[in-house]
Amino acid sequence: MVEVPGVPLSTRVVCGKDGDNTLIATAICEASRTLAPGLRITRVQWLYSRAQLDRLREAGKQRGTLLLGFQTQEMRRKAIQGGLVIGAELFEARQFDKSIRETQCFKCLQWGHTQHACVKPARCARCAGPHGYKECARKEGEPLACANCGKRHQAWQRRNCTAYQTYHDSIQRRRIEMLAQTYSIRTARKAQPTLADGWTRVTNKRAREESPKESQPRRIGRPTGIEQAAKDPSQARIVFAGSSHEGSQQQPEIEMDTTGSDE
2 MVEVPGVPLS TRVVCGKDGD NTLIATAICE ASRTLAPGLR ITRVQWLYSR AQLDRLREAG
62 KQRGTLLLGF QTQEMRRKAI QGGLVIGAEL FEARQFDKSI RETQCFKCLQ WGHTQHACVK
122 PARCARCAGP HGYKECARKE GEPLACANCG KRHQAWQRRN CTAYQTYHDS IQRRRIEMLA
182 QTYSIRTARK AQPTLADGWT RVTNKRAREE SPKESQPRRI GRPTGIEQAA KDPSQARIVF
242 AGSSHEGSQQ QPEIEMDTTG SDE
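Under the numbering used here, the sequence shown has 227 at position 226, and the numbering climbs by one with no breaks.
Since the hints were made in silico from the structure, they are not lab data.
Any given hint might turn out to be false.
Below, simulated PhoX-like cross-link-like pairs (lysine-lysine); rule was C-alpha separation at most 25 Å, straight line [said to hold, decoys possible]:
1. K121 - K152
2. K135 - K121
3. K140 - K152
4. K18 - K99
5. K135 - K108
6. K108 - K62
7. K62 - K121
8. K99 - K121
Using the sequences plus the hints, can you model the full thing?
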């Protein structure tokens, strides 16, 4: 999958596992065919849950991150190198892995997985006891306890939780690795195609070499280095009739008939 940051939140993306986003997937592939031909998107979803998406819109946020899935790694590479067109706007695509998405289990309350894959016993988000949150017998105002760090706050309160900060730092390091991989994909040079006759077609021109530095400033109207080139014995000299130059050989005069006769 790839992540596309900065997409308008007004983009019509159906949330949920059963959401059908075939139309927007086809539109993105069609609009991006000149930049990344041959794409086929298999998954379209927001980076956020439905509740998080609603909170972003209520807070006045205009743009967010969209996740797109492709059939092959080659398609993902093309999308990262060429970019994607969504709603007549060009966006960059970055490499994405589900490990950089923050998740918390509602069963054991630990970070990094969800309750669907959890095999650990349940913990209370209020008192950290061996029971669910709804079965907690503690009343309002009694001391709280985090099931992850042990401090006096509820397990989903991230600001004061040291366990979440450690988990968040690991997410940021993983995200930096994803950005480095994205950069390497964009700057990777393609292999030059080999023709049927064995020749290689070079598509990238060689960088132009810099001109040698001149010892003297260049004069207007006369090429530099002409004096040095004229001293070369292999260079022929043009001498007009009647002219006298020091060190030059006498050239015969050329007479032109101006009477207009053919004889």
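(message) Hint by hint, where does the structure go against what was stated? Just the numbers, ascending.
(response) 6 and 7
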